[in-house]
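Q: Sequence:
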Amino acid sequence: MASSRLLPRHLIALIDRASTPFVPSRTLSSWGRRTMSYRPPDQAAPSAITSTSSSPLLPIRKKVTLAHLLGLHNRKIPITVMTAYDYPTALLLSTFHAPHPASTSSSTPSPPSSSSDLPISPTPNLPLSIDVILIGDSLSQVSLGHSSTTSLTLNEIIHHAQAVSRAVSLPLTPQSGSPFLIVDMPFGTFEASTEQGVLSAIRLVKEAGVDCVKIEGGREILPLVRHLSSIGIPVMPHIGLTPQRAVALSGYKVQGRTAEGARELVELAKELEEAGASSLLLEAIPSQLGRFITERSGIPTIGIGAGNQCSGQVLVLTDALGIYEGGGGPKFVRRFAEVGREMRKGVEEYVKAVRERSFPEEGKETYKMGKGEWERFMEEEEGEGEEKK
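Residue numbers (this note's numbering): 1 to 389.
Any given hint could turn out to be false.
Lysine-lysine pairs mimicking DSS-like chemistry, simulated, CA-CA at most 25 angstroms apart [unchecked claim]:
#1 Lys270 to Lys253
#2 Lys364 to Lys352
#3 Lys62 to Lys270
#4 Lys62 to Lys76
#5 Lys76 to Lys206
#6 Lys253 to Lys331
#7 Lys368 to Lys345
Everything labelled a hint here was simulated from the structure, so no lab data went into it.
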């Protein structure tokens, strides 16, 4: 495996700067549980989140940085990545934390190696958490109902990335670390020129508050990767199957299946790393090729349909949780839950309860007037009725 000393100087400097922890100013009393009710929010954190400090300030979460991700890559500890497109989903992912299965209930994570980075263990016994959230252009299909990713606009993805960023920036829990945020650059926002790509990326960083931009493409994006890296914007090139180019590829087909195709991807990955890429996304390529590229890479590789030997894995949240019912889809998609089925069941129970008038339940889920007020109200109503006669 290539060492970090092979990284370009500007990327090493960028990683050092990115290690500075995020220090929010929000206090416990300045935010509340989000509800759809008009009632004032509870002045406490969600019940699933516990504070380990008696201070009125919530515990500060360490920010997952490029240095942390590079450390996971170098130590072969798998990086966890999931997509999010809205506030509640991002809040779920950014606050999820569980002890590693190999750890005992009384064990605690090892202390940070420095004040500016998360603990990195030489063994894969880190607590279970999400390292990276990707605001992917799959937003186009799974949230906006388009038939392909190419319909997504820059303004649309900024709007959704802002919601994700707001959730991730909340100082909720110190255990897992605030996830690293990566956003897709939609089709049509970088192809015309390097200048167009730079302006689009700057908008994403400034307006959406993301840490890194992801760009689909081949050698034609090398100048853009080089330029963005030189001005301090981390870049994740996306190679292999690139959904934005599905029409040109004659569909969503596995790439790199021939010796020539594999060699082309290996060389492209090397050139993108030399241009300053901070990580690579490998989609729908043979598992042997995913491992080969990863072992020779000085930067993390995130796989989706590229085998389990990449530095990490990403799945679209709606696929992984089974939010949309029905079969089909790529063979690498595994359902880890059937949320869609449970949601449909919940809707069914709600409709049934409304039809039966068992919801809301009298007393338990309804409000009452003060003692004697209803009787007084009825007396006044009856009095007004007599006067009108």
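Q: Compare the structure with each hint and give your call.
A: Hints, verified against the model:
Proximity of Lys270 to Lys253 is assessed by CA-CA distance (about 23 angstroms); at most 25 angstroms being required, the pair is judged to hold. Pair hint Lys364 plus Lys352 holds up; C-alpha atoms about 18 angstroms apart against a cutoff of 25 angstroms. This hinted pair does not check out: Lys62 and Lys270 have alpha carbons roughly 31 angstroms apart, beyond 25 angstroms. Taken as a hint, the Lys62 and Lys76 pair is honoured in the structure, with Cα atoms around 21 angstroms apart against an allowance of 25 angstroms.
In summary, the hint linking Lys76 to Lys206 is not supported, as the alpha carbons are separated by about 32 angstroms, beyond the 25 angstroms threshold. Proximity of Lys253 to Lys331 is assessed by CA-CA distance (about 12 angstroms); at most 25 angstroms being required, the pair is judged to hold. Only pairs whose Cα atoms come within 25 angstroms are accepted, and Lys368 paired with Lys345 is rejected, the gap being roughly 31 angstroms.
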